[in-house]
Amino acid sequence: MKVTKFLDLELLELEEPNLRRPSYMIVGIPDAGLVGEIATEYLINSLGMREFAEVSYPNSPYLVQVINGVAKSPIRAFYSSNVIALNSWSALNPDLAFQVSGLVMEIARKYAVDTVISITGVPVPNRLELDRPSAFWISSGEDLAEEMSKVEEIRKFGDGYIVGPYAKILLDSKRTGIRNLVITVESLLDLPDPEAAIVAIEFIGKYIGVKVDTSKLEREAENIRSRIRELMEQTKRQMPSFGRGTTTYA
Amino acid sequence: MRVMPVFKGDVKRTVVEEIEEIRREIEEMRSRIDRIRETMFSSLEESVQPLYTHYEDEKGYHYLIDVPYANESDVRLTVGEGEILVLITNKQKQRYSLRIRTPRAADTSRISIKRIKWLIHVDIPKG
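So the protein lines, in turn, are chains P and X. Per the working numbering, the first sequence starts with residue 751, numbered consecutively. Per the working numbering, the second sequence starts with residue 1009, numbered consecutively.
Treat the hints as calculated values from the structure; they're not laboratory data. Possibly wrong hints are sitting among the right ones.
Unchecked claim - Taking lysine-lysine and the DSBU-like style, the derived pairs with C-alpha atoms no more than 30 Å apart in a straight line are:
#, chain 1, residue 1, chain 2, residue 2
1, X, K1134, X, K1122
2, P, K822, P, K986
3, P, K906, X, K1125
4, X, K1099, P, K966
Claimed, not checked - Rough simulated footprint, nothing fancy, chain X against chain P, three-plus residues with beta-carbon under 8 Å:
#, region
5, 929 to 940
6, 962 to 974
7, 977 to 983
To be verified - Residues of chain P clear of chain X, computed beta-carbon distances all greater than 10 Å:
#, residue
8, P767
9, L813
10, N818
11, K822
12, P844
13, G852
14, E856
15, K860
16, V901
17, K906
18, F953
19, G959
The beta-carbon is built from N, C-alpha and C at its ideal position, and this holds for glycine as well.
Assemble the whole structure, with the sequences as input and the hints as a guide.
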């Protein structure tokens, strides 16, 4: 196992994936509606991605996820042919979120990722009146913005703010030259929103060129909501510290 | 001049029987209330608080409750002294309870419950 230190974090790598190009890194950090977490976990499972790394924080370990009797960090990385996915199964406090965001760019740089895709929710008051929530994009640079403006099924976010870990990834990507695309879907704020996650998954599937069947997520939505109840509670407690309780707002 | 009620024997018996009947009904109602109260408290002890969010608009107070495997027919609502108790037992027999402090402007006689998408919506109108 290879151990790489980054600030207070350690990246424990079991193997080093070779990615085909163009390569992508999908990031799911729990925030509004758990859209990013639900979507990333579903993509990991449906693309049959292989776990290759764990992120540990030895100075302040506060949670260990137990899977099949084995203790694991709640922040883990997976890969398939040209995609890396980093998902957190635990809410992150602002300090940890800041460090994990920095680590995302380190991993992206190490594996020569072309585009980092962050998934999040934009809370809207009329969410329950929407048959299908809309998805918006935010780009780290002009070239990606121009590329995205040609895509019909997703709109430009326009003017607004993004706060929290995804804001740091956007700014870091400007510095490092790695493209960052934020996909934000109209969602609930403090209740899990699997329907918004489905919209994100369907777009990302098309964008990275893989076919993802979301019918299983629709069928298992009750079970998923039951399983992530505690994660939503944790995330609710952390969200106000990211700023105004939302991660993107117009 | 004072008018005294005059009863013939059989009329007097009927009134006594009626009073006895009412007394029995009150007793039955009292024990029924006790039974409901006992069930409610044992439900509360075994229940967990569901995920929920709430907002207020000009029409009222709206609570959106996320209980997997539940619909509006699984909800029991009790309006008490200064408090509204929402008890939900889902299809998997898991119990959830939410205590809502009754808002001052609430009209508790018109509370409605419906399922919107996957959420239970408790709507407390303003009076």
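Going through the hints against the structure:
1. K1134/X <-> K1122/X: Roughly 17 Å separates the two Cα atoms, so the pair holds.
2. K822/P <-> K986/P: With Cα atoms ~23 Å apart, K822/P and K986/P stay inside 30 Å; holds.
3. K906/P <-> K1125/X: At roughly 27 Å apart (the allowed maximum being 30 Å), K1125/X and K906/P satisfy the hint.
4. K1099/X <-> K966/P: Given pair K1099/X, K966/P holds - Cα atoms ~20 Å apart, limit 30 Å.
5. 929 to 940: Coverage by chain X holds for the region 929 to 940 of chain P (3 residues, Cβ < 8 Å).
6. 962 to 974: holds (count 3)
7. 977 to 983: holds (count 3)
8. P767: For P767/P, whose nearest Cβ neighbour in chain X is about 35 Å away, the distance exceeds 10 Å, so it holds.
9. L813: L813/P clear of chain X: closest Cβ-Cβ about 19 Å, beyond 10 Å.
10. N818: holds, 23 Å
11. K822: holds, 25 Å
12. P844: holds, 22 Å
13. G852: holds, 31 Å
14. E856: holds, 34 Å
15. K860: holds, 37 Å
16. V901: holds, 27 Å
17. K906: holds, 27 Å
18. F953: It holds; F953/P is separated from chain X by about 20 Å at its closest Cβ, greater than 10 Å.
19. G959: Nearest chain X Cβ is 31 Å from G959/P, so the label holds.
The structure is consistent with each of the numbered hints, conforming to all of them.
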